[in-house]
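So you can see what is in the structure, the chains are spelled out below.
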Amino acid sequence: MASAVIPANQAPKLNYLNNGHSLRSWLLTTDHKRIAVLYLISVTTFFFFGGFFAMLIRLELLTPQGDLMQADTYNKVFTMHGMIMVFFFLIPVVPAVLGNFLIPIMIGAKDLAFPRINLLSWYLYIIGGILITHVMLTGGVDTGWTFYSPFSTEYTNTKIVEAGLAVFIAGFSSIFTGLNFIVTIHRMRAPGLTWSRLPLFIWANYATSLIMILGTPVVAITIVLVAVERLFHLGIFDPRLGGDPLLFQHLFWFYSHPAVYIMILPSMGVISELIGCFSRKRIFGYKFVALSSIAIAVIGFLVWAHHMFVAGISLYAAMIFSFLTFFVGVPSAVKVFNWTATLYKGSISYATPMLYAFGFIGLFTIGGLTGLFLATLGIDVHVTDTYFVVAHFHYVMVGGVLMGYLGGLHFWWPKISGRMYPEGWAKLSALFVFVGFNLTFFPQFILGYVGMPRRYWQYPPEFQVLNVLSTAGASVLAVGYLLPMIYFLWSLRYGPIASDNPWHAAGLEWKTTSPPPTFNFEETPVVTWEAYNYDEIPDKELEAPVAR
Amino acid sequence: MSEHEEHTTHSQGFYIAIGVGLLIGTATTVGAAFVNLGPFNPVVALLIATIKAIVVVLFFMHVKDASEKLAGAVVLSGFFFLAILISLSLADYLTRSWR
Amino acid sequence: MEHEAHNPALLHHFVDAQQQKNAASLGMWLFLVTEIMFFGGMFCAYLVYRLKYFNAFAAGSQQLSIALGATNTAVLIISSVTVVLAVKAAEAGKRKVLVGYLAVTVLLGLTFLGIKGFEYREKFERHHVPGPTFQFTDTFDDNGRQIPVDSNEAQLFFSLYFAMTGMHALHMIIGCGLFSVLAVLAWRGHYSPGYFTPIENAGLYWHLVDIIWIYLFPLLYLISRHS
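Chains as they are written, first to last, in the working numbering: chain A, 74 to 621; chain B, 18 to 116; chain C, 6 to 232.
Just so you know, the hints here were simulated from the structure itself, not pulled from any lab data.
Everything numeric in this text was worked out from a predicted model, so none of it was measured.
Heads up, a few of these hints could be off.
Here are the computed lysine to any residue pairs in the SDA-like style, where the Cα-Cα straight-line distance is at most 25 Å [stated by the list, open to error]:
1. B/81 with C/36
2. B/86 with C/20
3. A/360 with B/85
4. C/128 with C/59
5. C/101 with B/96
6. A/354 with A/416
7. C/101 with B/29
8. A/183 with C/59
9. A/232 with A/313
10. C/57 with B/111
11. C/57 with A/387
12. C/57 with B/86
13. A/500 with A/451
14. C/57 with C/118
15. C/57 with A/389
16. A/183 with C/23
17. B/86 with C/136
18. A/584 with A/132
19. B/81 with C/96
20. C/121 with C/199
21. A/183 with C/199
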């Protein structure tokens with residue numbers, strides 16, 4: 074009888090984890106799975122740095138007065154929070170950790186197309202990370218993660234060039250990852266694996282990679298222009314010369330808006346995998362879900378100035394961008410409808426990954442809908458630069474991206490580590506995350522609506538109750554994030570050994586061992602089946618097996 | 018899966034001829050700049066530049082000869098999204114003074 | 006598709022040499038797209054300001070030397086021809102011809118950079134380098150009529166001029182370095198008709214840098230030259 078767990082007395086086979094133990098074999102690896110683990114460790118580190126700054130923000134905002142720190146310091150705190158979370162956590166996390174690990178295996182390949190460039194990507198990330206850490210430790214940057222000129226080019230005396238360099242280098246890490254993924258998916262699919270048989274996680278990462286390639290270079294040149302303005306007085310954005318600060322914003326947001334789709338698309342890909350497995354059904358409307366990933370990537374490039382509605386762009390441009398922004402919600406909605414339709418008459422089980430998937434669907438929907446509010450010019454004028462916006466993007470980035478990531482991490486943990494995590498603790502953490510998240514961010518919708526501006530370190534006393542609720546929620550959320558750190562590490566040594574396919578899931582990654590061997594498969598698979606062929610996969614127990 | 022890309026089997030003379038064509042294009046661009054075409058001066062200059070760019074992409078970068086048009090699609094998408102950046106930014110700048 | 010004794014350059018995660026070649030080629034094309042978008046941001050800035058400050062941009066442009074710019078354009082076009090011929094030589098297994106064409110390409114690239122350096126020095130002497138030393142007293146010659154322009158707006162033109170040609174020159178330097186390395190490797194016999202992918206891909210890079218200059222030249226040097 075198949076079970077999730079095999080007896081511990083079976084000798085471990087040679088796999089990618091035990092194939093070489095030296096530091097050198099890890100730091101000079103070209104194995105995409107090891108690189109994924111390297112990213113997992115580094116990305117988690119930066120998550121906690123960013124989280125530390127979040128904690129400082131929430132502590133300051135417990136009281137209406139600015140009593141924990143100076144205003145200037147607060148500027149630095151929210152800037153470092155945003156910069157680290159956006160560039161060093163949200164953008165790389167799902168592609169570099171889960172994408173790197175899974176993409177070659179899911180398509181039946183031995184590795185990514187360019188394994189050495191993959192390693193280079195990680196080193197670039199680390200170099201960027203060291204630079205931003207240095208900035209963090211030596212005074213930080215205070216412009217907001219958005220670096221707006223002329224404050225960033227002219228008036229601030231913080232380490233803009235160094236922070237910009239950190240982001241620039243991390244951007245190249247992202248570009249090379251995207252390049253690797255596109256070439257791999259085009260050129261290295263196993264025999265029989267046509268585009269329409271690919272898992273939706275692959276489609277999602279492919280779309281993400283398109284954005285990485287097309288968008289990141291624009292923010293790169295923007296950072297270069299800010300740096301040359303500061304260093305060499307080439308005043309491209311300098312208003313004293315006739316330069317337009319809004320030009321900076323156009324160039325900045327041309328990337329930074331699609332960047333949010335870099336963050337969410339891979340997470341949506343994870344959700345497709347989870348929903349399919351834990352309802353034991355093919356994803357409803359596979360082609361629509363696949364194409365909606367591409368649609369999000371393309372349309373996502375057309376909407377950037379919705380971040381600039383009150384900045385001084387022309388009313389006609391604002392109307393055009395508002396109109397286009399409504400369109401970008403459509404493919405996301407298509408996905409949500411298709412996932413829901415997949416659940417209908419599915420055989421649903423509630424393992425931890427599925428809990429995160431449910432959380433994603435609800436919270437992403439709220440986040441996405443509030444995006445439409447913001448796309449509406451009349452409403453945006455009222456709530457822009459308030460906590461409404463802050464709540465909106467945390468709903469999609471934390472309620473969306475992060476929950477998808479956690480769901481995926483739990484789902485593929487047995488494959489990555491060869492161990493099962495403790496299900497009871499995992500479910501408890503998921504609960505903490507969900508409750509803590511909503512308690513933190515829902516009050517912020519209200520705060521923004523009644524007028525509390527963002528990036529302010531003091532506020533009128535009537536806003537205190539909502540702020541205290543938000544901070545309380547953040548403490549609960551923090552517990553929800555710390556627990557997995559503990560039990561995942563615990564599981565590496567004490568967790569039950571996982572079988573090849575503990576979830577009885579579809580997908581090539583489940584046809585190899587947990588953990589996989591260095592070259593992924595004993596023999597290159599030949600694919601003759603459609604994706605999510607759950608009607609063909611034997612399923613001994615109807616509910617997903619649980620680790621003991 | 019891998020598809021075979023044919024190789025460039027054009028002659029040396031062919032590529033030199035293309036090169037000469039590009040040089041003539043450059044001379045034309047310079048010459049046209051000295052003629053007063055009103056608002057069409059930049060249009061002509063950019064048109065010739067675009068033709069030159071297309072020639073380089075098709076013949077020097079062998080996009081014309083490749084059996085699989087993926088490279089062509091890739092470079093086209095690059096220019097397409099650049100056009101989006103420029104045109105939607107101009108949608109703002111050109112309408113700023115409208116009432 | 007399989008070679009009996011496989012090329013030592015074949016990497017083991019690929020099924021065969023053709024897959025490796027196709028992957029490398031697609032990878033280079035994607036990288037070129039990033040270059041298009043990278044320079045594209047500056048082209049966007051240029052366009053916005055040219056529309057806004059046409060007179061100042063025209064005045065600035067009129068201070069550039071068409072002769073030098075056109076010469077540089079010709080130099081780059083010829084170097085693109087030598088690159089294509091180098092690839093052809095590699096494909097035919099003609100090692101010495103290959104090295105020759107690569108060397109000529111590098112020389113042409115250095116010529117371009119030399120002329121550019123000369124132009125930059127001239128700008129420096131005339132106080133047209135943006136920053137505290139910038140001075141611009143020339144006018145926009147509009148069909149004989151001399152229109153004075155705002156010196157600040159002219160400084161914007163020159164900021165973009167230096168940013169765009171400077172970034173382009175940086176890419177030329179990288180290209181020259183790349184081809185120098187490839188020339189040395191080619192001399193040592195690293196390339197054969199069965200494997201010359203790096204030459205092809207470096208060629209793609211060089212052609213793109215050429216294309217960028219093909220746009221830079223008329224946009225920077227040829228604004229309102231009729232009079």
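Consistency of the hints with the structure:
no., hint, verdict
1, B/81 with C/36, "holds, 20 Å"
2, B/86 with C/20, "holds, 22 Å"
3, A/360 with B/85, "holds, 24 Å"
4, C/128 with C/59, "holds, 20 Å"
5, C/101 with B/96, "violated, 37 Å"
6, A/354 with A/416, "holds, 8 Å"
7, C/101 with B/29, "holds, 16 Å"
8, A/183 with C/59, "violated, 56 Å"
9, A/232 with A/313, "holds, 22 Å"
10, C/57 with B/111, "holds, 9 Å"
11, C/57 with A/387, "holds, 15 Å"
12, C/57 with B/86, "violated, 39 Å"
13, A/500 with A/451, "violated, 42 Å"
14, C/57 with C/118, "violated, 31 Å"
15, C/57 with A/389, "holds, 18 Å"
16, A/183 with C/23, "holds, 16 Å"
17, B/86 with C/136, "violated, 47 Å"
18, A/584 with A/132, "violated, 48 Å"
19, B/81 with C/96, "holds, 18 Å"
20, C/121 with C/199, "violated, 38 Å"
21, A/183 with C/199, "holds, 24 Å"
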